[in-house]
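Following the hints, put chain B in place on chain A, whose structure we already have.
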Amino acid sequence: MSKQCIASHAFTELPPGVRQLVALAPFLRQHGFAVAPEQLINFLSAAYWLEARSMEAMRLAGRATLAPPPERLLEFDRLFRLFFSGKASASATRAHDELHSVAEPQADDSVAAGLKARELKGTAASNAELLAVRPMEARVDSQLRQFASAWVRRRPERKGFRSRRSKAGTIDLRNSLRQLSRYDGDVLELRFRRRQPRTRRVLVLIDISGSMKQYTEEYLRLAHTLLHATPRVEVLCIGTRLTSITDTLRERDLDSALKRASDQVADWDGGTRIGPALAELLENMRYVSFVRGAVVLMLSDGLEPGTPSVLVDAVARLARLCWRLVWATPLAADPQYRPYTPAMRAMLPHLSDLVDGASQRSLLSFLLGLRRTGEPAAVVWAAAKQ
Amino acid sequence: MNTARTADGSGEDLVASIASPEALDERLVSLAYLGDEGLATALFLALKLGKPLLLEGAAGVGKTEAAKVLAALLGRDLVRLQCYEGIDASHALYEWNYQRQLLAIRGLAHETPSEADLYSDKYLIARPLLQVLRAPTRKILLIDEVDRADDEFEAFLLEFLSDFTISIPEIGTLSASSRPVIVLTSNRTRELHDALRRRCIFHWMSYPDAEREARIIMLRAAGVAEATALVVARAVLGLRSLQLTKPPGIAEAVEWASAATLLEQSEGQWPAAFKRSIGVAIKNEEDMVRLAPELDSILAQACS
Chain A
1 MSKQCIASHA
11 FTELPPGVRQ
21 LVALAPFLRQ
31 HGFAVAPEQL
41 INFLSAAYWL
51 EARSMEAMRL
61 AGRATLAPPP
71 ERLLEFDRLF
81 RLFFSGKASA
91 SATRAHDELH
101 SVAEPQADDS
111 VAAGLKAREL
121 KGTAASNAEL
131 LAVRPMEARV
141 DSQLRQFASA
151 WVRRRPERKG
161 FRSRRSKAGT
171 IDLRNSLRQL
181 SRYDGDVLEL
191 RFRRRQPRTR
201 RVLVLIDISG
211 SMKQYTEEYL
221 RLAHTLLHAT
231 PRVEVLCIGT
241 RLTSITDTLR
251 ERDLDSALKR
261 ASDQVADWDG
271 GTRIGPALAE
281 LLENMRYVSF
291 VRGAVVLMLS
301 DGLEPGTPSV
311 LVDAVARLAR
321 LCWRLVWATP
331 LAADPQYRPY
341 TPAMRAMLPH
351 LSDLVDGASQ
361 RSLLSFLLGL
371 RRTGEPAAVV
381 WAAAKQ
Chain B
1 MNTARTADGS
11 GEDLVASIAS
21 PEALDERLVS
31 LAYLGDEGLA
41 TALFLALKLG
51 KPLLLEGAAG
61 VGKTEAAKVL
71 AALLGRDLVR
81 LQCYEGIDAS
91 HALYEWNYQR
101 QLLAIRGLAH
111 ETPSEADLYS
121 DKYLIARPLL
131 QVLRAPTRKI
141 LLIDEVDRAD
151 DEFEAFLLEF
161 LSDFTISIPE
171 IGTLSASSRP
181 VIVLTSNRTR
191 ELHDALRRRC
201 IFHWMSYPDA
211 EREARIIMLR
221 AAGVAEATAL
231 VVARAVLGLR
241 SLQLTKPPGI
251 AEAVEWASAA
261 TLLEQSEGQW
271 PAAFKRSIGV
281 AIKNEEDMVR
291 LAPELDSILA
301 QACS
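Here the protein sequences come in this chain order: A and B. Mapping the first sequence onto the numbering used here, position 223 (from 1) lands on 223, and the numbers just tick up by one. Mapping the second sequence onto the numbering used here, position 142 (from 1) lands on 142, and the numbers just tick up by one.
Just chain B, with the same shape it has in the complex:
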């Protein structure tokens, strides 16, 4: 594969060599990621304009996967920062390794250690943002589920995303040698601040249509027949329209298709195989109760 070559830091050339969203889309397909044209355009613009890309959408539509594929495509390492409630700068930026610093002072015994020695890279624990800032051509940053973090952290990110600099009081201000590729994802459990949306290239990811989902299922799960994939894709579409707490994502659809295929091989009955393996797709007791009366009609519709 031609992308593997670029691991030595020529990622910039690779970005430059992508001429159009269509070309980018082709490469995504070659890496077994089927996105829509909107995603290809957004990714293309994010790379060309050097802006962070904000992907929003329901859980399980492939936001994180898109970032992983982008990393593979550019031949760069993916550095992932998972956001959670209460995340703060020391988890995202850097921290000093106090224990090592103290040990170093004791080791020196009678000499007075100079400050420059103690606050050197050796004692700096680089967290994701700093890691990417130092090697923007070799790494891409994924800030996952920004909507889980607090408002304060969002404001803090804003600063980082506009200047790509980090200031460390003991060392000074570090800035990226080139614009790093950054992908942010959000499940939209709360609305992000407008300022953050403005800074980013934005793409709203919706669930794929039945046909593309069937193709994704066949790509991801070997041994699933085309007819099965299509039935699962249609059934999953029906399930999502039911306003469930946890509508099945693409990963669930893939698992459901493989589970049903396995059961069918041992028993040889189609609708029953789908029904018995529903637990793979629906993982919430309340949803199961809500779904039970309608499952048969959804399956019948999907099979027809």
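Only chain A is shown next, with the shape it has when bound in the complex:
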């Protein structure tokens, strides 16, 4: 049929209408949508079958054949309309900017700026609720990429409850007998089963207060990497409130995932209330059952204003629930650092590890060693005192 061989013609030989449809693919790719040639052919065939009746029908066909990820459906629709309204072909980059300016919430700039100025003057760990939207930059990070491939082989595991076929283990009687009947009882070939390892869940808690400002972006990138290399991960931002950004980070393209995360979280670089935020987390049964047996990675300096009792209680409970509670603080980069703040001192006995969170390299290599359980943090830091 003619519709099948459309793609094999040279681009310029195509009729103008089809040429425009074909040009949609590079336009979408430019905006981070993966469009395979096969999908483009499907899209063109769809145009044939729908007789290109209306823009609306073609948009639905685009959704069906080009399969944009569900969390970016609206963005896809916007790009689609932009492309066919003719504006986009002139300047694709401008279209991109336009798109993102539409996506940003209409925050009152003057208020945000005012708050920001106050925050810069005031103490880092203040309780001021800052509604600032943060511009995010993403760069390709080879260190993280290497980490991702190493992590897949070295992430913490537990023994699963269900057994599966394997080369060794306990005898799988049912399967062995079935095998035996295949050869009429002549050849006995034993089959085995074994409990298969399961990857532990990972909960990443990112402190996004003003005092952690210079690290949050790096932490978000780390969370994104972990999320895409581990079956079950939950990423929560802790500022003046608790925000889950798991679904936002699920988008594979790091750039746009970070951009959307920065739009989603309302309280970037504000004050901290780690204690109440953790208490809120522990009230939500969904998170409690998630944390059970999981690795909890807390990325925070632990600077909490006021009395630390709420924080300490929450951390103690969290520590009892999870498999391993890792606290990474950028402050520990300083060799003189000792966990002497009242909050840190009270929390130390509950922590499995208290590590340096400032250098990406040391944090990543620590994570790769998570399978080995070492001395609890209190013992390690007691030794460091001398």
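It is worth saying that the hints were derived from the structure and are not from the lab. All figures in this text were calculated on a predicted structure; none of them were measured in a lab. All C-beta atoms in this analysis are idealised placements derived from N, C-alpha and C, irrespective of residue type, glycine included. Among the hints, a few may not be true.
[Stated by the list, open to error] Simulated DEER-style distance windows between Cβ atoms:
1) B:Gly-223 with A:Gly-293: 20 to 30 angstroms
2) A:Tyr-183 with B:Arg-240: 48 to 58 angstroms
3) B:Thr-189 with A:Ser-54: 29 to 39 angstroms
[What the hints assert, rightly or not] Chain B is faced by these chain A residues, among others (derived, beta-carbon under 7 angstroms):
4) Glu-38
5) Ala-46
6) Pro-70
7) Arg-164
8) Met-285
9) Ala-333
Using the frame of chain A, we list chain B on its own:
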């Protein structure tokens, strides 16, 4: 109904007779399935292009139901392959019936059985993929919850979905006489491989808006008043926004509406009837605890 006629194998004509997504949508409505236009387009293209259809969405949005309705619409039998962890080719494709083969050898006593006799159709247990491959115009295949299967099985499916062939070493390669209609569903508990998504026509199913959900409730549950259906639809929308472990699906909404109607008939108090029958919609203790403080305001909002 005009679809019943086609059971004798003229399913191909029926596919050809559907002229547009709108026409398909009309037929779906006549079978009491209210989908959105996106679903109609995706179904239409899947049928016309001969591609498998991948439906993704939260649990309880009607993915499996869509496949069932499609089977009814085309007058074909639905063959369902439920995926689970550890599913392998012998569950999906075929298996030899060893017991029968052995019995046959013994029955022959002194003659030597020929291989062709032993590896004939008589001893072949056809699993869903093979069943559909043999009768592509009379059956449609539903591969349910692909995301539960392992990566290896997904890779194996990939091969089947691109060529529609199965090779059996003892017999040879079997291929479908025409392209079978295949529907895959996924709850998105994990992301499927890109290659699988590329091969398929894709549709993301989201929960319907309150108005359509109300219409679905009235279609599914006889005796539910329009006002009740609308209240339930709105309340369910509120429940879903709460980030519960198990947000109520459409089936739960239908049950909730009928349960509340039943209770109301015996007691005559509306908000109380909704509240007392909440157990039909929310089936998770943790969710119930999380929901308790907010239920009243959600119901009040839905009733207003």
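Legend entry - Closest C-beta approach of Ala-333 (chain A) to chain B relative to 7 angstroms, hint status: violated, 35 angstroms
Inset, instruction - With respect to the beta-carbon atoms only, verify the hint that Thr-189 (chain B) and Ser-54 (chain A) lie 29 to 39 angstroms apart. - result: Taking Cβ atoms as reference, Thr-189 (chain B) and Ser-54 (chain A) lie about 36 angstroms apart, which means the hint holds.
Legend entry - Given hint Ala-46 (chain A) near chain B, where the shortest CB pair must fall under 7 angstroms: Since the shortest Cβ distance to chain B is 5 angstroms, the answer is holds.
Inset, instruction - Under 7 angstroms, Cβ to Cβ, is where Met-285 (chain A) needs to be relative to chain B, so tell me if that hint holds or is violated. - result: holds, 4 angstroms
Inset, instruction - Mind checking the hinted window 48 to 58 angstroms against the Cβ distance between Tyr-183 (chain A) and Arg-240 (chain B)? - result: Taking Cβ atoms as reference, Tyr-183 (chain A) and Arg-240 (chain B) lie about 55 angstroms apart, which means the hint holds.
Inset, instruction - Could you tell me whether the CB distance from Gly-223 (chain B) to Gly-293 (chain A) stays inside 20 to 30 angstroms? - result: violated, 47 angstroms
Inset, instruction - With a cut-off of 7 angstroms on the beta carbons, see whether Arg-164 (chain A) makes it to chain B. - result: For Arg-164 (chain A), the interface hint holds, since the closest Cβ of chain B sits about 6 angstroms away, which is under 7 angstroms.
Legend entry - Residue hint Pro-70 (chain A), partner chain B, criterion CB-CB below 7 angstroms: Nearest chain B Cβ about 4 angstroms off; hint holds.
Legend entry - Satisfaction of the Glu-38 (chain A) interface hint, Cβ to chain B closer than 7 angstroms: holds, 5 angstroms
Taken one by one, the earlier hints fail for this structure at numbers 1, 9, listed in ascending order.
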